[in-house]
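Number of protein chains: 4
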Amino acid sequence: MIEHTIFLNVRYAETDQMGVAHHSNYAVWFEAARVELMRPCGLSYAEFEKSDYYMPLIELTVRFRKAAHFDDRLSIRVQLKKMPRASIIFDYEVMEEGEGIIASGQTVHAFMNRQERAVKPPKAFLDHLAKFF
Amino acid sequence: MIEHTIFLNVRYAETDQMGVAHHSNYAVWFEAARVELMRPCGLSYAEFEKSDYYMPLIELTVRFRKAAHFDDRLSIRVQLKKMPRASIIFDYEVMEEGEGIIASGQTVHAFMNRQERAVKPPKAFLDHLAKFF
Amino acid sequence: MIEHTIFLNVRYAETDQMGVAHHSNYAVWFEAARVELMRPCGLSYAEFEKSDYYMPLIELTVRFRKAAHFDDRLSIRVQLKKMPRASIIFDYEVMEEGEGIIASGQTVHAFMNRQERAVKPPKAFLDHLAKFF
Amino acid sequence: MIEHTIFLNVRYAETDQMGVAHHSNYAVWFEAARVELMRPCGLSYAEFEKSDYYMPLIELTVRFRKAAHFDDRLSIRVQLKKMPRASIIFDYEVMEEGEGIIASGQTVHAFMNRQERAVKPPKAFLDHLAKFF
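Chain order of the listed sequences is A, B, C and D.
Everything in the first sequence is counted per my numbering, starting at 1 for the first residue and increasing by one.
Everything in the second sequence is counted per my numbering, starting at 134 for the first residue and increasing by one.
Everything in the third sequence is counted per my numbering, starting at 267 for the first residue and increasing by one.
Everything in the fourth sequence is counted per my numbering, starting at 400 for the first residue and increasing by one.
Chain A with its partners taken away, still in its complex shape:
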């Protein structure tokens, strides 16, 4: 398994008039965590795309338990629990100190090239991942 945790403060622009972080931001936070998980794999996502590989989302699920508020310090933990095949699955937990898990989620991605055609994940990427499984 590969796991990574990032920390962020809820931005003011991310709040809505309910006084909480708008739910659309969780997908953005998940993505930020996913990018950091991939970095120590020796393959930054920026490099990944420069090699003409993309990981478009196929499915997104988010379960919201508690609200996050402006300036809350959150941790976003992402886990890659098994080797990717045609698709790659990441699991997430959003935690706030003293509040525990406030949300959890999952994203399923395909591998695609710039022409939006399905491709196999790059071999170097799989080789890197294989060390962790």
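Just so you know, the hints here were simulated from the structure itself, not pulled from any lab data.
All C-beta atoms in this analysis are idealised placements derived from N, C-alpha and C, irrespective of residue type, glycine included.
You may find that some hints are simply not true.
[Claimed, not checked] Pairwise CB distance ranges, derived in the manner of DEER restraints:
#  : chain 1 : residue 1 : chain 2 : residue 2 : range
1  : A       : Ala-118   : C       : Arg-351   : 21 to 31 Å
2  : A       : Ser-51    : B       : Ile-234   : 29 to 39 Å
3  : A       : Gly-100   : B       : Val-241   : 19 to 29 Å
4  : D       : Ile-488   : A       : Ala-86    : 49 to 59 Å
5  : D       : Ile-488   : A       : Glu-99    : 32 to 42 Å
6  : C       : Asp-393   : B       : Ser-184   : 51 to 61 Å
7  : D       : Arg-472   : A       : His-128   : 20 to 30 Å
8  : D       : Ala-485   : A       : Lys-50    : 41 to 51 Å
9  : C       : Arg-339   : B       : Ser-184   : 17 to 27 Å
10 : A       : Phe-133   : C       : Arg-380   : 33 to 43 Å
[To be verified] Every beta carbon over 10 Å from chain A, so not counted as near; a handful from chain D, in silico:
#  : residue
11 : Leu-436
12 : Arg-464
13 : His-468
14 : Met-482
15 : Arg-484
Given chain A, work out where chains B, C and D should sit, using these hints.
For chains B, C and D alone, kept in the frame of chain A given last:
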């Protein structure tokens, strides 16, 4: 059942460097459709909140079949298939002319007051909905 | 002069915890209006980019007079007051019925290719615009 | 003068199909820097709002010199150069290592209460600031 469809063009700001509409926007489009579904129910969501009722998201699911691109004309259809009880469930389909369904999804919401406590949905709201079921 | 007006409702996701539309959205609305102004010019912005032309922002100014609120029906008027040369300047007014002008602004853009080099605007584009000046 | 610098990586969701950070994000980054500038003043912006004070934007200016790209490490420096009176003015510089200043800007804010009426800034806030001028 209650159903409503809105139309929108993908905004430039909604694209990402993959050249497609970023996945986080679908939750925003779902919400825009949901707001319009509620309007003809005799209860705008703006009024709903002024009466101190909120419908926070408990669960969000989105399945992405095809990418949406800048300036694509999309229709977002939202359906309320059964009377809400403790929670209310909306189903969505994002369609593009000539492309069919490009994404589908579901949102599950609770009813809450400003103090973030669970409350029953307002009676006037349920009475309005009851006419459709 | 070329002028175009679009209409939109403030989305819930665009509000912040102050209970108003977050200021970052005005740039997004300006852009949506700008895209529509260009469409009847015989050159959609989507086509524009497919020809490898981009109009990156050089300067953005927004003056906020009154707040916009969730579900407010706004009109965004954009004006191109003179022929572009090395840069192109658009002026904007955000209006709400019964409230008058709630914000105004200006964007200045360069012409660039995908390699982020300054280029002259496409001749077909200038020819189209020339009819209006 | 009071000055503060925050660091952030450009998020994938912040890019657009031009392959650069969309211009609307700079206002969000300015805000994130502003919030951090206020924190060591003994008055978090979250606390500020709980005391029923708001600082709505009156004017936003951003000058874009170079593009920011996905995953770029940016520093956002915010400066408060003079004591606020009826309004408060912040100046910003966005820098990227090895690239120098990529954007600069200014925001002018009023002081307002929840009822959207202009109010004087809180005395405790002014007292804190006075130490720096």
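Right, here's what the structure says about each hint:
1. A:Ala-118 to C:Arg-351: 21 to 31 Å: violated (45 Å)
2. A:Ser-51 to B:Ile-234: 29 to 39 Å: holds (31 Å)
3. A:Gly-100 to B:Val-241: 19 to 29 Å: This hint holds: roughly 21 Å between Cβ atoms.
4. D:Ile-488 to A:Ala-86: 49 to 59 Å: holds (54 Å)
5. D:Ile-488 to A:Glu-99: 32 to 42 Å: Since D:Ile-488 and A:Glu-99 have Cβ atoms about 36 Å apart, the given range 32 to 42 Å holds.
6. C:Asp-393 to B:Ser-184: 51 to 61 Å: holds (56 Å)
7. D:Arg-472 to A:His-128: 20 to 30 Å: At 23 Å between Cβs, range holds.
8. D:Ala-485 to A:Lys-50: 41 to 51 Å: Holds, at about 50 Å.
9. C:Arg-339 to B:Ser-184: 17 to 27 Å: holds (21 Å)
10. A:Phe-133 to C:Arg-380: 33 to 43 Å: Since the Cβ atoms of A:Phe-133 and C:Arg-380 sit about 38 Å apart, the hinted range of 33 to 43 Å holds.
11. Leu-436: Since the minimum Cβ distance to chain A is about 13 Å, D:Leu-436 lies beyond 10 Å and the statement holds.
12. Arg-464: Non-interface label stands for D:Arg-464: nearest chain A Cβ at 21 Å, farther than 10 Å.
13. His-468: violated (8 Å)
14. Met-482: Check passes; 23 Å lies beyond 10 Å.
15. Arg-484: holds (23 Å)
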